[in-house]
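Starting from the given sequences, assemble the full structure and let the hints guide the process.
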Amino acid sequence: MIEPGTSAPDFRLADHDGNAVTLADFGGRRLVLAFYPLDFSAVCSDQLSIYQEVLGEIEDRDAALVGVSVDSSACHAAFRERLGLTYPLLADFHPKGAVCAAYGAYMDDWGHANRSLVLIDRDGTVAWSFATPTPLEIPGANLIFDALDDGAPA
Amino acid sequence: MDGTSSLGSAAVPPPGPGDHVRGRGPEVVLYLDLGCPRCAGTWEEITTLPLQVCVRHFPVASRRPRSPVLHAAAEAVAIQSEDGFWEFWDSLLADRAHVDDPHLWERVEALGLDLDRFQRDRRSDAVVERVRRDFRSGISAGVAATPAGFAAGAPLAGELGVVLRELASR
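Protein chains in written order, with the working numbering: chain A, 1 to 154; chain B, 1 to 170.
These are computed hints drawn from the structure, not numbers from a lab.
All figures in this text were calculated on a predicted structure; none of them were measured in a lab.
For every residue, glycine included, the Cβ atom is placed at its ideal position computed from N, Cα and C.
Watch out, some of these pointers could steer you wrong.
[Unchecked claim] Now the stretches of chain B that chain A is said to cover, found in silico as 3 or more residues with beta-carbon under 8 Å:
| # | region |
| --- | --- |
| 1 | 7 to 20 |
| 2 | 59 to 71 |
| 3 | 136 to 147 |
[What the hints assert, rightly or not] With the Cβ distance kept under 10 Å, some of the chain A side facing chain B (calculated, not the full set):
| # | residue |
| --- | --- |
| 4 | E53 |
| 5 | G124 |
| 6 | A141 |
| 7 | L148 |
Here's what the structure looks like:
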């Protein structure tokens, strides 16, 4: 998993609508990357739904949230609609998992991302990262708020 | 709005004033979504177990848009009758096909409660805030899926129905 203090690797990924998104697009705001295994799986559905419920509170802290998995844009579009998500999902589809791997979040044996979170500061430095011991565990949204509020008044 | 709650990590609050607690036995705190089929299944499995159960509201609105309405309705029933709350709660989880407003009104009238008052209370700031309080305490305690359970302040891992049955048999 990528370590705090490292410069966040740039990326260019298609979102759920097929539009290219880069790290620079979030310039000026902090960015939470939520790497997750697969669209439509039960655990991922729970995880992304819970994050949606607190999205306003994340944005109140001058931060954006995006989900990243190896699924395609079209799959992301259907998954977002199913769950009622309003934040972007990025497709690390081709070359498969390359951005996940750059952040140390790719599981070679499984062929998808581990469930992990990365907070990138406004200057593009990794401020915090977290990976669950297994993909079956969900990092609670409380961990995101711990990281966002760390050293700064809420 | 609760301006003091950060949503950062915090221990699950023990059952206290204003909580809904029923039964006798080992104490558990459950965060449930009244629109969640897994919650309904678990509830059916555990409802007769010898446990002291504290239920908390955890509606996941994006996934199940009707859930916040159901939780607010349950809380509005509780304002008139705590026994009524439990009957209403059990009924919503047992019959998830009948959760439109006319079905809710039928339940309220069958409980002998004041329907006009229910209608006012379910949309009141106090009720919305009460549901929100539970949701926020769940987020801070790391609830990331429903149903979620805690015993002695610690999260219960594994299949919740099985874990609660074991806990009840101790």
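Outcome of the hint check:
Restraint check on the region 7 to 20 of chain B versus chain A: 4 residues with Cβ-Cβ distances below 8 Å, three needed, restraint holds. Figure legend: the region 59 to 71 of chain B, annotated as covered by chain A; annotation consistent (5 residues with Cβ-Cβ distances under 8 Å, at least 3 required). With a threshold of 8 Å between beta carbons, the proposed coverage of the region 136 to 147 of chain B by chain A holds, since 8 of its residues qualify and at least three are required. The restraint placing E53(A) at the interface with chain B holds, with a minimum CB-CB distance near 6 Å, inside the 10 Å limit.
Evaluation of the G124(A) hint against chain B yields a violated restraint, the C-beta minimum of about 24 Å exceeding 10 Å. At its closest, the beta carbon of A141(A) sits 5 Å from a beta carbon of chain B; the interface hint therefore holds under the 10 Å criterion. About 8 Å separates the beta-carbon of L148(A) from the nearest beta-carbon of chain B, less than 10 Å, and the hint is met.
Of the numbered hints given earlier, the model fails hint 5 alone.
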